[in-house]
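Assemble the complex: chain A is given as a structure, and chain B must be docked to it using the hints.
So the sequences go chain by chain: A and B. Taken in order, the first sequence gives residues 1 to 302; the numbers are from our numbering. Taken in order, the second sequence gives residues 1001 to 1263; the numbers are from our numbering.
To be clear, the hints were calculated from the coordinates, so they are not data collected in a lab. A couple of the hints might just be wrong.
Non-contacting residues of chain A with respect to chain B, defined by C-beta distances greater than 12 Å in every case (computed) [as the list claims (entries may be wrong)]:
{"#": "1", "residue": "Leu14"}
{"#": "2", "residue": "Phe23"}
{"#": "3", "residue": "Tyr29"}
{"#": "4", "residue": "Met36"}
{"#": "5", "residue": "Tyr39"}
{"#": "6", "residue": "Val42"}
{"#": "7", "residue": "Glu94"}
{"#": "8", "residue": "Ala150"}
{"#": "9", "residue": "Ser168"}
{"#": "10", "residue": "Tyr170"}
{"#": "11", "residue": "Phe180"}
{"#": "12", "residue": "Ile192"}
{"#": "13", "residue": "Phe206"}
{"#": "14", "residue": "Leu282"}
{"#": "15", "residue": "Lys295"}
Partial selection, computed: residues in chain B whose CB lies under 10 Å from chain A [stated by the list, open to error]:
{"#": "16", "residue": "Tyr1022"}
{"#": "17", "residue": "Thr1175"}
{"#": "18", "residue": "Phe1185"}
Where a beta carbon is used, it is the ideal one built from N, C-alpha and C, also for glycine.
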Amino acid sequence: MDFNFKLGIFHSALDRYYYFSAFVFKYLYELFRNLMKKYLAVAKATWQEYLAYRTNLFLEVIGGFIAQLVIIAVWFSIFKDLKTEVVGGYSLPEMITYLLGAGIINSFILIASQGDEINDDINQGSLSGFLVKPFSVPLYWLSRDFCRRALTFILGIGEYLVIILILSNYFVFPFSLTNFLVFCLAVFLGGILHFFLFYIFSIIAFWMDQTWGPRFVIRVIMSIATGSLIPLSLFPDTWQLVFNLLPFKFMAYFPLQIYLGKASLTEIILGFSTVLVWISALIGISIWLWGRGLKKYSAYGN
Amino acid sequence: MRKYLKIIWIFSKVNLQNEMAYRPSFFLAVIGKTTRMLILILVFQVIYFNTPLLAGWEYKDIFLLAITYLTIESIIITTFHRNLSYYLPDLIKKGNFDFVLTKPLNPLFYSSFRIIDSMDLTSSFLVIFLWYHYFTHYAGTFSLLSLILYLLLLGLGLIFLFSLLVIIASSAFWTVNATGLGRFFEEIVRTGRFPTDVFKGAFSFLFLYVFPIALIATVPSKAFLGTIDWRYLAYLAVFTFIFTLISKRVWNHALRHYSSASS
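With the rest of the complex left out, here is chain B:
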């Protein structure tokens, strides 16, 4: 574990050096990324400018949902998102994946955390500021238990997204070009920006049980606010566990299928 953390630290340092080589572009990217986060808040502000409630959520609760979403997004975008959906297919296409396999590291770990995005890491500071804003302006009283539950569910959401992306990335071993799937994944994650309560009927069932987008932001936020059903949480835990096992099998199967290219 310590070895892997140290390697992640080295990856982020190297990448910061790489990206600082194009300084104007780096700062513009950080401005762009922080603006994008603020736009999500703006979207909610405009919605609440026209309505007092959205699917039963008040503005202060939606603010929590939005920063929960931004926290998850910042974490995955800094670490494994682009590694798995864009850089891994590229490695496979060019036959460079051989070098990953020959390294004394778990290939999945190496492919997922090879490039730690320092632009996204820098923009993540805004999320911390937004959390500060939430606690000073909107947060009511909450118990330690709900905070712990919130963090656990955040972790569960990350595991779900990681497993999903591993399955998507594994397809690159067959299709070679999987960047379209990467974009598709981004949009799927983005549906988590809104409370899943806005969906009705079949869609509600789909996003709660079959493909639990709710896990990205809605469920942790509700747990924090203390309005969550325990049975549903148990379901999500079991679901994520099975889903992770499946993704691991898919990845191993994909590795066996790999037969180098060009080199």
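Isolated chain A, as found in the complex:
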């Protein structure tokens, strides 16, 4: 009796706790929805806009896909010539999976946005039109950017699935479900990191007429420093040291190490902390630059 009574109290406490959390959750959800409503609308409109260019986007995606297939052929050939099971700590299936994964990340999530739009909006004065609207312009650009990423991802995943089916003997599944989920989170953070990096180098358009140059330099360095062509661990030590100091490895190399189960728990925790520090630093710099840039902005061209 006594016991059941106590259990009753326990249950009602639990119920109250549930109700309370449901309430908090609902409140946060509504808040989030109201905040996000505008940006979802932007995303929807952007989606329609980009769909009009789907053939062009698709061809771009296919191009990246072919390039990655060539790299895969190169590694097949190396493993065959060397007649060994492992090169630089990677077995053939691991290497193929690494390159396929890097291709998916690279073509659809990373290469997608290069900040041309932001640069043009500032330099051609269309920014003025956005500034008077009741939304945050950086978030507007962010939602457009992620929309494009999503679209190119959908356009491209099909080809990679076909290749994964063809090369299924060489395809390694994620180390564990947890690893896969952590991998997805790492890719997402990599996407954010990528956006803010290019965002910073696009809003220097407030001071420069053309920001294509610096963005191009970053893109070139990125092509090797993300590890999407060759896993970074295969580089000589000096190069690895350099790549470890740069943020780019968090865009492809780091997530794929998690996927393949090659990163220890400490490495994962350290990696996530570093990537969060990078993202916060970039957001900080971007907010500072944005504030100063707006003061400088004179809306010529419109």
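For chain B alone, coordinates are given in the frame of chain A:
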């Protein structure tokens, strides 16, 4: 011929002036472009850091293949690549192609060489340096014949790529927006960075005969090293000849289809 060379010279001068207007961007672009070339060499260095041979190629031979690729890339990127894949579709879209047609010049010549990219021209000096490095460090003995053959095949490769791009660019007369095809073309050319010997089976057949990517760098390099089959060279010559004729017909057909826009 002299007239056209003179016009190309004027185009490059005008464009250099245009691009020098944004000096910081110009120098950054040159830094970016040279870095991109060096990255290709780095990629091969890392590959050979882990393996002594790639599809039967030694590092010194791969170095030749890489600079052959970079030479071709520098030439097309400075001259017709962007003109045909990005600027021509833009002219057509805005209806400005009318002005091309009214000029007393071959429209294909004008559309292909209108903008001579001085950023790429400047970065091309690195290629010359890399050639110097090759001859002082890696090159063995070679005959004059193989050098001539090498240059001829380089030319053949350029003609192949030009014809391919003309066909791609012609599609802009129908689709209006062909920039995606331009990117696609870039990636196709980029597959030529690696020796086609890495491909096996059907892919090997595809890249050697049906769509001879091998012509971009592998075949000239092999000719220089003296390891090429003459029958295959004959095939490539015939193939490129027919391909060029086809591209010319496609271009003429596309011109007839053009019906201005907006203006």
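How the hints compare with the structure:
Listed as a non-interface residue, A:Leu14 keeps its Cβ farther than 12 Å from every Cβ of chain B; the least gap is roughly 57 Å. Listed as outside the interface, A:Phe23 is consistent with that label: its C-beta sits roughly 50 Å from the nearest C-beta of chain B, beyond the 12 Å cut-off. Distance check for A:Tyr29 against chain B: the nearest CB is about 39 Å away, which clears 12 Å, and the non-interface claim stands. Separation of A:Met36 from chain B is adequate, the least Cβ-Cβ distance of about 31 Å exceeding the 12 Å criterion.
A cut-off of 12 Å between C-beta atoms confirms that A:Tyr39 is not in contact with chain B; the least separation is 27 Å. At the 12 Å boundary, the C-beta of A:Val42 stays outside the reach of chain B, the nearest C-beta of that chain being 23 Å off. Its beta-carbon lying about 14 Å from the closest one in chain B, A:Glu94 satisfies the requirement of being farther than 12 Å from that chain. Distance to chain B confirms A:Ala150 as a non-interface residue, since its nearest Cβ pair spans about 18 Å, more than 12 Å.
The claim that A:Ser168 is not at the interface with chain B holds, since no C-beta of that chain comes within 12 Å of its own (minimum 18 Å). With a least beta-carbon separation of about 14 Å from chain B, A:Tyr170 lies farther than 12 Å from that chain, consistent with its non-interface assignment. Consistency note on A:Phe180: stated as away from chain B, and its beta-carbon is indeed over 12 Å from all of that chain's, at 28 Å minimum. Every beta carbon of chain B lies more than 12 Å from that of A:Ile192, the smallest distance being close to 24 Å; the non-interface claim holds.
Every beta carbon of chain B lies more than 12 Å from that of A:Phe206, the smallest distance being close to 14 Å; the non-interface claim holds. Its beta-carbon lying about 20 Å from the closest one in chain B, A:Leu282 satisfies the requirement of being farther than 12 Å from that chain. Residue-level check passed: A:Lys295 sits 21 Å from the nearest beta carbon of chain B, beyond 12 Å. For B:Tyr1022, the shortest C-beta to C-beta distance to chain A is roughly 5 Å, which falls under 10 Å, so the interface hint holds.
Interface hint at B:Thr1175: satisfied, since its Cβ lies 8 Å from the closest Cβ of chain A, which is below the 10 Å cut-off. Residue-level restraint check for B:Phe1185 holds (minimum Cβ-Cβ distance to chain A is 8 Å; threshold 10 Å).
Checked against the numbered hints given earlier, this structure breaks none of them.
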